[in-house]
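In order, the protein sequence lines correspond to chains A and B. Residue numbers in the first sequence follow the numbering used here, run continuously in steps of one, and reach 131 at the last position. Residue numbers in the second sequence follow the numbering used here, run continuously in steps of one, and reach 343 at the last position.
Because the hints were derived from the structure by calculation, they are not lab data. For clarity, every value in this text was computed on a predicted model and none was experimentally measured. Quick reminder that beta carbons are idealized off the backbone N, C-alpha and C, glycines included. Accuracy of the hints is not assured; some may be wrong.
As the list claims (entries may be wrong) - Reference listing, derived: stretches of chain B covered by chain A, where coverage requires no fewer than 3 residues with Cβ under 8 Å from a Cβ of chain A: (1) 290–301; (2) 332–340.
Unchecked claim - Listed next, the in silico DSS-like pairs over lysine-lysine satisfying Cα-Cα at most 25 Å (straight line): (3) B:Lys265 to A:Lys113; (4) B:Lys265 to A:Lys72; (5) A:Lys113 to A:Lys130.
If you want the building blocks of each chain, they are given just below.
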Amino acid sequence: DAKTTQPPSMDCAEGRAANLPCNHSTISGNEYVYWYRQIHSQGPQYIIHGLKNNETNEMASLIITEDRKSSTLILPHATLRDTAVYYCIVSRKAAGNKLTFGGGTRVLVKP
Amino acid sequence: DTAVSQTPKYLVTQMGNDKSIKCEQNLGHDTMYWYKQDSKKFLKIMFSYNNKELIINETVPNRFSPKSPDKAHLNLHINSLELGDSAVYFCASSQGAGEWTEAFFGQGTRLTVV
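Excised from the complex, chain A in its bound form (with noise of 0.2 Å):
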């Protein structure tokens, strides 16, 4: 799978959107780009995935770029619920959903 690069952390004022990136430049065609966030003493819980259209759910959205060399995931309107870690993943579909979990974002919205 191909490994993933974001930064250590961020911060986000309440209210507003929250854009994370991430780098997988070494992705290869069947690999899909998966965003899980894990808040403090919590499981991991699913955001969000794409191949390389953008995606939008009730939580977030995801642009990958063309080259799909990148993405960033979108927080339309941070609030202090969403401070946490956020992990940018990529996989294959078929993998026997293996997930393989880097450093990601953390993420701490102020008010």
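Let chain A serve as the given structure and place chain B on it in line with the hints.
Structure of chain B alone, referenced to chain A:
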């Protein structure tokens, strides 16, 4: 109703002991996993079971033995506990080993070996 539940939530034990962590999911999923999160917060997969059959074993010491009595349960038994086994262990489940769907994680079991 908790989708993926683990027991116990906290476990403190002495080196050399044998302990088990239980996991149950009520989502009807056919694939379950154990992940380990170490002190540096890195999450690593340990095992994956699909329909009670082992499909992923990530070079985990054989002191760790998962047991899946049925599709809804995946327990983790650890023999001869060592200090380095101290970590948070997460159970997870998903539907389908071949076709990916989102994984649901439990709340974790914090194991402390003293």
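Restraint check for lysine 265 of chain B with lysine 113 of chain A, where alpha carbons must lie at most 25 Å apart: holds (22 Å)
Pair hint lysine 113 of chain A and lysine 130 of chain A, alpha-carbon separation not exceeding 25 Å: Outside the cut-off at roughly 35 Å; violated.
Whether chain A covers the stretch 290–301 of chain B (at least 3 residues having a Cβ closer than 8 Å to its Cβ atoms): violated (count 0)
Residues of the stretch 332–340 of chain B with Cβ under 8 Å from chain A, three needed, outcome: Three-residue rule met by the stretch 332–340 of chain B, so holds; n is 6.
Pair hint outcome, lysine 265 of chain B versus lysine 72 of chain A [Cα-Cα no greater than 25 Å]: violated (30 Å)
When held up to the earlier numbered hints, the structure conflicts with 1, 4 and 5 and fits the remainder.
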